[in-house]
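S.K.: Sequence:
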Amino acid sequence: MYLEDREVVCPAGSFIFIPHGVRHGFRVGDVTSRKLNFYFPAAMIGYFDALASALQREDVIESELTEIASAHAMEIVGPPPERYI
Numbered sequence: 001m002y003l004e005d006r007e008v009v010c011p012a013g014s015f016i017f018i019p020h021g022v023r024h025g026f027r028v029g030d031v032t033s034r035k036l037n038f039y040f041p042a043a044m045i046g047y048f049d050a051l052a053s054a055l056q057r058e059d060v061i062e063s064e065l066t067e068i069a070s071a072h073a074m075e076i077v078g079p080p081p082e083r084y085i
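Using the working numbering, read the sequence shown as starting at 1 and increasing by one per residue.
In case anyone wonders, no lab produced these hints; they're calculated from the structure.
Heads up, some of the hints might be wrong.
[What the hints assert, rightly or not] Computed Cβ-Cβ distance ranges for the label pairs, DEER-style: (1) 59 to 7: 16 to 22 Å; (2) 12 to 59: 36 to 42 Å; (3) 31 to 6: 17 to 23 Å; (4) 58 to 21: 32 to 38 Å; (5) 75 to 16: 15 to 21 Å; (6) 9 to 38: 18 to 24 Å.
Yeah, the Cβ is synthetic: ideal placement off N, Cα and C, and Gly gets one too.
Sequences are here, hints too, so could you generate the full structure?
M.R.: Given below as structure tokens:
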């Protein structure tokens, strides 16, 4: 994953704390992985609900996903991963 401009390798069992406002991203590799996110407060739930709803549609476009992010005080910085849309 990336925290600001630094890449952090997270082997199995890792715990990463991302303070509010820190730019971060996830790199998708060839190995299947899982992650568990905790959000305090739970403000991100609305973002993921809206994102999941949009991604279920065939006609979703990148600008719509950007609007969803903006509505939840998120800024997309960098190209979205191929599986994003």
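S.K.: Would you mind marking each hint as holding or not holding in the structure?
M.R.: To see whether the hints hold, each was checked on the structure:
1. 59 to 7: 16 to 22 Å: Given about 34 Å between the Cβ atoms, the range is violated.
2. 12 to 59: 36 to 42 Å: holds, 38 Å
3. 31 to 6: 17 to 23 Å: With a Cβ separation near 21 Å, residue 31 and residue 6 satisfy 17 to 23 Å, so the hint holds.
4. 58 to 21: 32 to 38 Å: At 34 Å between Cβs, range holds.
5. 75 to 16: 15 to 21 Å: Cβ of residue 75 to Cβ of residue 16: about 20 Å, so the range 15 to 21 Å holds.
6. 9 to 38: 18 to 24 Å: holds, 21 Å
Checked against the numbered hints above, the structure breaks only hint 1 and satisfies the rest.
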